[in-house]
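Protein chains: 2
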Amino acid sequence: MKARARWAETHLHHRFDDPSLLELALTHRSASKLNNERLEFLGDAFLNFTIAKRLYALRPEDAEGDLSRARASLVNQATLADIARAIGVDSELVLGRGELRSGGAQRAAVLADALEALIGAVLLDGGNAPAEKLIDELYAERFRHLPESADLKDPKTRLQEWLQGRGLTLPAYTVDSVRGREHEQVFTVVCEVEQKDARTIGRGRSRRLAEQEAAAAMLAELTRDGE
Amino acid sequence: MKARARWAETHLHHRFDDPSLLELALTHRSASKLNNERLEFLGDAFLNFTIAKRLYALRPEDAEGDLSRARASLVNQATLADIARAIGVDSELVLGRGELRSGGAQRAAVLADALEALIGAVLLDGGNAPAEKLIDELYAERFRHLPESADLKDPKTRLQEWLQGRGLTLPAYTVDSVRGREHEQVFTVVCEVEQKDARTIGRGRSRRLAEQEAAAAMLAELTRDGE
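These protein sequence lines are chains A and B, in that order. The opening residue of the first sequence carries number 1 in this note's numbering; numbering runs sequentially from there. The opening residue of the second sequence carries number 1001 in this note's numbering; numbering runs sequentially from there.
Just chain A, same shape as in the assembly (with noise of 0.2 Å):
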């Protein structure tokens, strides 16, 4: 048996029936034309799926925004690719000459797309039982510590929970500036609590990340009398 199929039998629980599609799945863009983007499309939208199923069971008192925050938090591209990397992804993935020079193999994305093709070509080789299997191998601690809905809110939704919490109205964001060329520009965001006196202001690569750096400083300023 080649040393590849003899990894996927180890790391993915699988043996598969057509080897080309495990090739695939290992294969960056940057290698060949045929490469693994299409099955990553597929492997994404079945682990989604998987993971809102296990949510869904889960946690049966969240609401719709906590399940999709407990999802985010689970399938963003830095958990992808620190389990790519738990299974060895890294050493098995088929990179251009370019990419494997400027270190792609460590790249967070290219290692998050390669462990969702790979679920993709689990499922189209053996269908979903065998995917699902290999989703809760990967995932089994962290479905035994899944944070609390609380800690996965962001900055903005935390400030206007705290403000409805004291009956006070809710922050008002104002972009008071674009600076910078395409791709370059940063966003200056004002939030302001009027009940409160208070006004902070946040930057960021976007209006929406400015507005969350701002909500962030204002949550700060709000809460540092210790209330």
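Coverage of chain B stretches by chain A, computed from C-beta distances (three or more under 8 Å per stretch; other residues unrestricted):
hint	region
1	1029 to 1042
2	1052 to 1064
3	1171 to 1179
Some, not all, of what chain A presents toward chain B, calculated at C-beta under 7 Å:
hint	residue
4	Ala-45
5	Ala-52
6	Tyr-56
7	Glu-64
The set of hints was computed from the structure by calculation and includes no laboratory data. These numbers were taken from a predicted model, which means no experiment stands behind them. C-beta atoms are modelled at their ideal positions from N, C-alpha and C, and glycine is treated no differently.
Here the structure of chain A is known, so what remains is to put chain B in place on it, guided by the hints.
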């Protein structure tokens, strides 16, 4: 048999073992704290996966970007609301009094969410097979008349491809101004193609929308002379 169960057999092709799931899927949050939002989360994930799987098989030549765009056109709110209306979801909805009076049963968001929740309910009640069959029935016509990949591309992508096809450099987008208070802000973006000495302006509720407007104007400008 109850009227609602009969409706489900006719239009969802499913007889519920647990009729409370059907009830829940049709209950808008305006009517009860126990509503269809969690089922919608689940149904949305299964719908996205199933459409991804069908497109993967139906369009073997499509790149990942084409598959993504084709899926987006099939699962967007307007399409889901159309499908929901076609099977009479609007007459089955359980709405709060205010939502009912203000015409909530015809709102696209309400209908789209309920349709996804119904898919989630069939999935929970009967497993993958009946939920997949339901999606195949709902989308039968649309699967037969899938849009061309090129028609699904947004103006920025089409402009980029038009320029690249002629060996021209890519356009530059710059935010010119952001006016108005939050939730009413208008972005003004300038699109420039230096080699053609062309400059267009777009406005929109977000930077992305303003850029798309500017790109559409640029495409119109550049192709005006019969090119």
